[in-house]
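Sequences listed follow chains A and B, in order. Just so we're aligned: 966 in our numbering is position 360 of the first sequence, and the numbers increase by one with no gaps anywhere. Just so we're aligned: 644 in our numbering is position 38 of the second sequence, and the numbers increase by one with no gaps anywhere.
It should be emphasised that the hints constitute simulated quantities derived from the structure, not laboratory data. Small disclaimer: the values here were computed from a predicted structure and weren't measured. Treat the hints with caution; some may be incorrect.
Stated by the list, open to error - Have a look at the derived ranges for each label pair, beta carbon to beta carbon:
(1) A:L714 with B:A935: 40 to 46 Å
(2) A:D974 with B:P719: 30 to 36 Å
(3) B:M607 with A:A878: 22 to 28 Å
(4) B:K936 with A:F783: 22 to 28 Å
(5) A:D781 with B:V853: 38 to 44 Å
We treat Cβ as the ideally placed atom computed from N, Cα and C, and that holds for glycine.
Listed below are the residues making up each chain.
2 protein chains.
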Amino acid sequence: MQRIRSCEVSQQIGNTIRVQGWLAQIRRLGGIAFVVLRDGWGSLQVTADAAALAPIERANAGPESVLEVVGQVQANARAPGGFELVTPRIEVLVAVTEPLPVPLGRALAKAKPNALLDHAPTVLRDPTRRAIVQLGAAAMAGFRRGLVARGFTEIQTPKIIRAASEGGANVFALDYFGSPATLAQSPQLYKQIMVGVLERVFEVGPVFRAEPHATVRHLSEYVSLDVEMGFIEGMHDVIAVLRETLVEIVDALAERSPLLELLGAELPVVPARLPELDFVAAQELVELATGERVVGEPDLAPAHEAWLGEHARREHGSDFLVVTGYPIAKRPFYTHPDPARTAHTLSFDLLFRGTELVTGGQRLHRYDELVAAMTRAGIPAEPMAGYLEAFRFGMPPHGGFAIGLERLLARLLHLPNVRMATLFPRDRTRCFP
Amino acid sequence: MQRIRSCEVSQQIGNTIRVQGWLAQIRRLGGIAFVVLRDGWGSLQVTADAAALAPIERANAGPESVLEVVGQVQANARAPGGFELVTPRIEVLVAVTEPLPVPLGRALAKAKPNALLDHAPTVLRDPTRRAIVQLGAAAMAGFRRGLVARGFTEIQTPKIIRAASEGGANVFALDYFGSPATLAQSPQLYKQIMVGVLERVFEVGPVFRAEPHATVRHLSEYVSLDVEMGFIEGMHDVIAVLRETLVEIVDALAERSPLLELLGAELPVVPARLPELDFVAAQELVELATGERVVGEPDLAPAHEAWLGEHARREHGSDFLVVTGYPIAKRPFYTHPDPARTAHTLSFDLLFRGTELVTGGQRLHRYDELVAAMTRAGIPAEPMAGYLEAFRFGMPPHGGFAIGLERLLARLLHLPNVRMATLFPRDRTRCFP
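In isolation and in its complexed conformation, chain A is listed as follows (with noise of 0.2 Å):
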């Protein structure tokens, strides 16, 4: 007999049929048990009487306990989903005797973060949970179905590599068959260099930051969604298609609505146009609004994007906030300084609900002028000779950006923090589970 997964269940009323998963909860009425078993689509009410239980108490078999059932579908109005498996004949597959070390289910809400860290292999297991990591995965295959549809080519670069890719700090160093080696901070030399290849590349990978320090929203390790274009005629030329992908991505978790209500989640609405903000005009308005000194400041702290954030979303409707035009002491060598004020760059941030989404803007063409500037920033250009031959060999105008995936995660379901958006978070004291 073929197994059927819960999410078919809908479709077999009145049939009998297999089913397999785990116990996720036995409920007790008088006389008769209320089994949920857990299968990797949903999960299923089993209504058993005495005898067909006794399996699973002569196995002494609790929650997790992983289960095979055979019993007839029938619709019931009060069951999850609407329907459950009745005259059911139970085998426990796999009995697990020993309790959770984090229950699953209503008691998840009482754990401590660092124990839901801690038994993420079990903890995962819970809908909550894993919903999270499902819509992850719609935001990755929107992220790549609307860019392929706009001509870019998927890659996969290096994260072995001899040059720090974003500067000198925060930099992950390995031994390398006796020589030294970093890991990548980004793929930007690497989706540079593409460019001169396939003009529009974009990679989905794991990318290693060794963040000194412990916040709510980095990690030493982290998916990122990277994008880089060529022949544009400007910045406006990236964020359009920042936005054209941020409703791509919109779309395909709009596709999982039941993950999203189960996690009472809200899909931002991506305006036809992202509102903008000048970096120093964004710094005057949250001067003035809290007294703050903050304009020349070289970036905006944390709670001045929060700031922002409610600002787009009171004059401008918006979840969603550009601000351009960061000064350029603070953005990356192979930042494209503003023609027209040489202190700020062509450059910008997306700010979403209030946090750092993505960092983006126009780079550095020309070789002469992107070797002086690596010469300002103190970085040594023979492990760079790579991405050096790019540009002394025609690179056209470009630019591109990041999406953190966790970040994106934590910030549309309202996370408290960026750990619970990543299966195994790794930060300074965590390298484990």
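Since chain A is already given, all that's left is putting chain B on it; use the hints.
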């Protein structure tokens, strides 16, 4: 005027259009010059007289200079692609005045293999080289498409881990904020954990092997296409999904037939049932045919895999051969032994055109058996606590496989070396460009 891509020019006959790209070649014939412009999607011939060519001459702009051309589209059966731009106005956006380290085009065939790799940032621009990148993207897309359609969820698992995922050898060590860590040799441990969460998962991502030997089929960093699935009846459920996944990959590649033609590649036909051979029977065949003593060896040598590839083509008309039942001595600790003969396993390799392309099999799923296997293999339990937690709390029978993307491309395209199938290969002596 909107920029037109080379692949869109056929719809623009008679129109005056604007194109941008790289100067690939200039051929002069009397007073006329044929300028081949390459962009991210193909090439286009621009037919220019001396006056139109003047900007190129003035800038001394050689191959790989970045150009913009405005001209009229005209059909010309003798032009590459059947179209050309006439009465052009050429603008040099970036002039390249030095010769390429490795000239592109026909000259590429004469370049030394190391020169191709050393100068990948420019060499990849050659249409024959970048076609490999584009086919790699198609293979990844086909892999994902097929698995999503079968209820698999995409995951991204950590690459910085505490324990070696495939055992102690060939591991890159890392200093992780003062503690020892390693780079994941595969997502094995995590994809198994995630079977407990989502039953069916896949991952496309980098894996890291500190391979001490220089061979034509090993890389220190490569892209692994990983699959893991729960509630299997046995190893053949895994082989069935592998077969369907190969079909999806081949279908996705078939959509890029111009690239395959450019490279003279022939797609394999995936048989309705993959031919299978038991490991010992395979050794006996090799021994009989070659006279070499191989029965009793714990693994197949590359030369024997090549012979078996010929055998599969001869006997089954198949580019694929599944070899099952590998001895337990050479398989990782998580491999499920064959209950019928415990020195062998429920694992397999898939040979593609005589090279190991895929390794897979059924895994141990019972906690006690897994712990015993780890003890036998001398693997300490402490760094594996998270992995073991998944098994303490109910894991179903499961299995999976991993396809090496670069090997797939190398065999598909008859490349002499797997290094040619990746953008920027990493090996014992190469961590650049």
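Results of checking the hints against the structure:
no. : hint                           : in the structure
1   : A:L714 with B:A935: 40 to 46 Å : 43 Å, holds
2   : A:D974 with B:P719: 30 to 36 Å : 32 Å, holds
3   : B:M607 with A:A878: 22 to 28 Å : 24 Å, holds
4   : B:K936 with A:F783: 22 to 28 Å : 24 Å, holds
5   : A:D781 with B:V853: 38 to 44 Å : 42 Å, holds
Of the numbered hints listed earlier, not one is contradicted by the structure.
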